[in-house]
Amino acid sequence: MGTTSDKKWEPKIVAFLCNWCSYAGADLAGVSRFQYPPNIRIIRLPCSGRVSANMILDALRSGADGVLVSGCHPGDCHYISGNLFARRRFALLTNLLEFVGIEPGRVNFSWISASEAEQFAQVVKEVTETVRKLGPSTRLVKRIG
Amino acid sequence: MKVLKFDRQAIGEWLSKLAEDYDIYAPGESSQGTWQLISDYSQIDIKSGVPEKPVKNFLFPQPETLLTFSTVPDDPDAFKPREPEDSGRKNVIFGVRPCDARSISLNAMPYEKDTYYKANMEKNLIIGLTCNTPCSTCFCTWTGGSPMGTEGCDISLTEIEKDSFVARGVTERGDKLLCLATAASEASDQDIEKLSGLEKDVAISTDITALEETLKSKDMMELYNAPFWKDIAERCVNCGTCTFLCPTCYCFDIQDETLHGRGRRIRCQDSCMFPLFTLHASGHNPRGDKVQRVRNRFMHKLKYFPDRFGSVSCVGCGRCVRDCPVNIDIREVMRQMLTF
Amino acid sequence: MSTLNEKITEEIRSQAERLLSSGEVAAFLGYEAGSLPMTARPFVARKPEDVSRLVWNSFCVLNLSNYLPSLLKSFEPQRRPGEPPPEGPLPKVGVIATGCWSRNIVVQIKENQVDRERVVIVGIPSRGMVSSRKVKDLVNNREILKVIEEDHNLKVSGSDFDQEINRWDVVRDNCLTCVHPDPVIYDILIGNPSGERQVSDRFEQVNDIEAKTHEERWEWFTEAFSACVRCYACRNVCPLCYCPTCFVDDSRPQWVGKSTDQTDTLLFHILRAYHCAGRCTDCGSCESACPVGIPMRLLTKKLNKDVLEMYQSEAGMSLDEPLPLTTYNPADPQGFVLTERSEKGGGKS
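Residue numbers (our numbering), protein chains in the order written: chain A, 830 to 974; chain B, 873 to 1212; chain C, 11 to 359.
The hints are simulated quantities; they were obtained by calculation from the structure and are not laboratory data.
Glycine is no exception: its CB is placed at the ideal position from the N, C-alpha and C atoms.
Incorrect hints may have been included.
Between beta-carbon pairs, the in silico distance windows are [unchecked claim]:
| no. | chain 1 | residue 1 | chain 2 | residue 2 | range |
| --- | --- | --- | --- | --- | --- |
| 1 | B | ASP947 | A | SER944 | 38 to 48 Å |
| 2 | B | SER911 | C | LEU155 | 27 to 37 Å |
| 3 | C | GLU225 | B | HIS1132 | 19 to 29 Å |
Only pairs whose alpha carbons sit at most 25 Å apart, straight line, appear in this in silico BS3-like list of lysine-lysine [claimed, not checked]:
| no. | chain 1 | residue 1 | chain 2 | residue 2 |
| --- | --- | --- | --- | --- |
| 4 | C | LYS83 | B | LYS1162 |
| 5 | C | LYS120 | B | LYS1102 |
| 6 | B | LYS1102 | C | LYS102 |
| 7 | B | LYS919 | C | LYS156 |
| 8 | B | LYS1034 | C | LYS146 |
| 9 | C | LYS102 | B | LYS1162 |
| 10 | A | LYS971 | B | LYS952 |
| 11 | A | LYS962 | C | LYS102 |
This is chain A alone, in the form it adopts within the complex (with noise of 0.2 Å):
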């Protein structure tokens, strides 16, 4: 955005990561020289479950392309029950974006732990790809001017 559009245009993805797992993987990838493409935007909380819908719909109505959130295993959340919520949360949030019409692929979540370096390359990859042939977001961007 704000930019010459000489340049072929790239998926912007935000990605909402739960710090004890899902960011430490990542991390670990980045230690561990996986590689994964720069289109995602990272975002820290301590946990899944501190993710609402407003967030996810707030990096949609920005401009992001497209939306992971990332949290630990159903089982191994670091505050218990945290991922836990969540889970039925994004499973409903999903369903109604798609119900009215928000292409299924632009808001995606992942379990991946702190030890799963590769996992965490290969989901982005996945995401990014998935986001690539979905093309802009345009359907619940803010449009200024």
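Chains B and C: place on chain A using the hints.
Here is chains B and C on its own, set in the frame of chain A:
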């Protein structure tokens, strides 16, 4: 001022000609009652009564961009506020009822110094349509209006017989538009007689008379402290339906919306029914209670506004009566205020 | 011979009078006649003389439980934060409750907005409420001046027409697919419970939209919600929407803008429906209150369907069951999770 006679076809041809220079709006067919940009003028179907949404949305666009600005590096005008571009095209709004048209001049009183409102008045030409059959929820005669009124219109149409209209130019620019109506004929003496007959026959409801004088003569603080406000406000849910559908509610909020280095300052319609409306930055809210907000709205419309500008801030269109989810009826409030 | 609704009206009046005269309740929340045809307005009776104003008809479309928390609070003495609650029992409030309204009261009790001990619930099994919009459509939007309600018909008349309409043709959409018309919680019951209703497809309207492609769905969504004026009538008549500061009023951060810009309007509706997930009883107040006829109920209906299918939970059916989004099951479906789909990411479940 010109007085012409049209049949439906002549109206269609006239509007087609106007469409070269103006955007033509008329009430839409759907029950959602929005004003629609129309292109097929032969299909205009004016139902009796007022359309769902008032004409104020043309005078107070929701939202209205006041200025734009940006901080992006490749913008030559970065850091300079810019006025929004004006296409220069004006609107002709067709089928505006006398109550809605009158609201335009009523709102112009507090907005005397508002350049945006004045510019929008310039931009919108009003072709009014008088009411042959007012609805049971209409009470324009109580508020100083009339089903045959022409205040606020540039041209006023009256259906003197089925599909046969007499058009009167009310303002200079209305007259200029009528000059383009080559398919219309000069109104005959009989037509003008029929028109006068309709004007004489206007059913002046004697339910409430002298609303403005009576309200002006009442003591403000006594009305303010009256006990009936609590009963009226009890069922109000503080939605903004009445304020958004009212032609004479004109309160606004100014917001700056920014994203990725671009922004705009917009004025959007706001409602005194929302608690946020009067919330101070300190956290204090002078109208934090529901009763205070409900009382304020009616006192503003029926007491403060006439005290200041001489007319009640209500045109009797009846939209709030029809659409209030809990059936708070401004006519009952008027009666209570008058008899207090 | 009096109609069913007239009989219920008599019974409501006598119960309310009894409760108010004996002092058992300080106020009784019901309906009185409105100033327009097909309108009833919420009314609080505080003295036994007021009960003659109470009515019951097929136009009582707003959910009375919306008023319950604030009415109860109005009888509590004012106290500053930190001050202990007053000693002794506080005044009670009587309220009328049909099937869905009573389920909302259950949700309010579970969410600690209403104290069960302080409400006297007069339950009425519902026969469905009539949509005045549907009636107006059936008479081609000619002005209706009078409506006489009989048990199964409405006699509608205007200045130049009379029409008899079958009540069932104009009952609201949410009432047509209702399966729980009887109140699930009550202290006094008026009328006879009708038992669970058999409906061939409760979620028919939702399924119709799910049959569309994503493009068609988006087109439907943007079109249906395009007339929204952001009046928040839907939010304000909803008993679930009681947040002191609604997310639309947040400014730091501002989640949605205030104007009728399409993106902001659609986001408002998506998020509001989402906040009602698992709590909505499909009472239909939102749609009845909307001045421009937006079908926002369909969003919450979709969420209710998912909650029922995935978590076997229905709002307000049981006082003991926890609210679906405040609990979890280790075996909750997670097919939507990327890492649970591929074989590599199989992992624990």
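Hint-by-hint comparison with the structure:
1. B:ASP947 to A:SER944: 38 to 48 Å: This hint holds: roughly 47 Å between Cβ atoms.
2. B:SER911 to C:LEU155: 27 to 37 Å: holds, 36 Å
3. C:GLU225 to B:HIS1132: 19 to 29 Å: holds, 27 Å
4. C:LYS83 to B:LYS1162: This hinted pair holds, its Cα atoms lying about 14 Å apart.
5. C:LYS120 to B:LYS1102: Given pair LYS120 of chain C, LYS1102 of chain B is violated - Cα atoms ~30 Å apart, limit 25 Å.
6. B:LYS1102 to C:LYS102: holds, 20 Å
7. B:LYS919 to C:LYS156: holds, 20 Å
8. B:LYS1034 to C:LYS146: Holds - the C-alpha atoms of LYS146 of chain C and LYS1034 of chain B are around 24 Å apart, at most 25 Å.
9. C:LYS102 to B:LYS1162: Cα-Cα ~22 Å, so holds.
10. A:LYS971 to B:LYS952: holds, 22 Å
11. A:LYS962 to C:LYS102: Violated - the C-alpha atoms of LYS102 of chain C and LYS962 of chain A are around 60 Å apart, more than 25 Å.
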